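Next come the chains, spelled out residue by residue.
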Amino acid sequence: METLEQIKLRFEKIEPQTKIDILANECAAGERSLLVEPARAFAVAKFLRDDAQLRLDYCSNVTGIDWPEMTVKTKIKKRVVVDGQEKEIEETLETLRSGHLEVVYHLYSMELKHGPVVLRLRTENRTDKTHLPSLTPVWRGAEFQEREIFDLYGVLFDGHPDQRRILMWDGFEGFPMRRDYVAPDDFEYEPTAHDKVLEQAKKHFAVEPKAEVKAEVKAEAKPEVKA
Amino acid sequence: MTDEGLKSELQKQGVYVTSLQELYNWGRANSVWPLTFGLACCAIEMIAASMARFDIARFGAEVFRPSPRQADLMIVAGTVTKKMAPLVVRLFNQMPEPKYVIAMGACAISGGPFKQGYNVLKGVDRYIPVDVVIPGCPPRPEALIHAIMTLQEKILNQKLTGPDRPRHLNAEVAGEYPVPTYGKHDLEPPNNPQIWQPPTIKR
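Protein chains in written order, with numbering that gives the first Met the number 0: chain A, 0 to 226; chain B, 0 to 202.
Quick caveat, the hints were computed from the structure, so don't treat them as lab data. No false leads were slipped in.
Below 30 Å or equal to it, Euclidean Cα-Cα: the simulated DSSO-like pairs (lysine-lysine) are:
1. B/K183 with A/K202
2. A/K128 with B/K82
3. A/K195 with B/K82
4. A/K195 with B/K201
5. B/K82 with A/K201
6. A/K7 with A/K112
7. A/K201 with B/K183
8. A/K195 with B/K114
9. B/K183 with A/K195
10. A/K202 with B/K82
11. B/K114 with A/K202
12. B/K114 with A/K201
13. A/K128 with B/K183
14. B/K201 with A/K201
15. B/K82 with B/K183
16. A/K202 with B/K201
The model shown is predicted, which means the values in this text are computed figures rather than measured ones.
Let's have the full structure, built from the sequences with the hints guiding it.
Structure (structure tokens):
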């Protein structure tokens, strides 16, 4: 199969104004991906499916990622002349990365038996500009998975034939797979709580403090001080 | 009520004595028909229990009824999500008395591995009264058979009169339980306080 660079070059010949980035991947598998601007995503998707050399006719997986706003620390090595001697100094740069939601499509070709090609789309932000074009008209199998991403991440797919919640009920508020989602507080009974659950359970009981429990703690604490 | 010694003496003479209560419970205990109702992987074990190898028919419980109107036993076999919980309660309400519930597996008991999730009910006993619980993830068919035997024992020991009589003989106890509604983040109410209170934890 063609490399991502070749795919990028060929598409840019057909539609020169399109901006396609190739994203590196730091993990062991090193699976790189195509990042396409949302406005041109539909055309790119059609090209990937219909091009005679690619024929990526099977969308095996669609998933979402939430990237919240955060400061990214990067270490840069600098050569600085100190007292006539050249020294290497590490500097940490802090850059604010804007938050966005990402949708990832994994594409294979059943006809030519190759793949995967990973296609990524990003929204402008996480709050009000969360629209992306739906690729369901290109790969019919993406329908339910796009519904799931809408349900759990809140990405709005323009052109989706049936955009409703799929796992949570209608009337549910919020998007539970987002990093900042606060789950309902139902930690009233945690018999074997530890770590995060223990913290949550303590928080739950801190809301309604009991006078008896406090008295017990005080009674226990006093003898220790004397000893 | 019955004198066991006298009973066996009479049996030696060819006279069989029983009480209406025993006869009634004996009949009920040996024809507990479950509802065809599976939610997750525990349902696979439930199906295995009903097939030839484990043969739940030996206990009179092989007739899985496709309608709650004909079922006596609800085997909650699997994870009860918050989206599914109102339907589980409604199905239980649609079953005629006398009716029983087996909570099968870790999820039905407490939410299991999904307990701290946002979408799973932390135990079906928050909305419907559970008679027998089976631990396991999933429990083996033998465990389900043991649960049915435990339930049979429970039915056989039920007294038809007095304050502890079963629900269907007590007009004051309603056989229906309130169906929770979908809220903005959780079910409303999050549990039925009449049948479930958070147990106090001793540490």
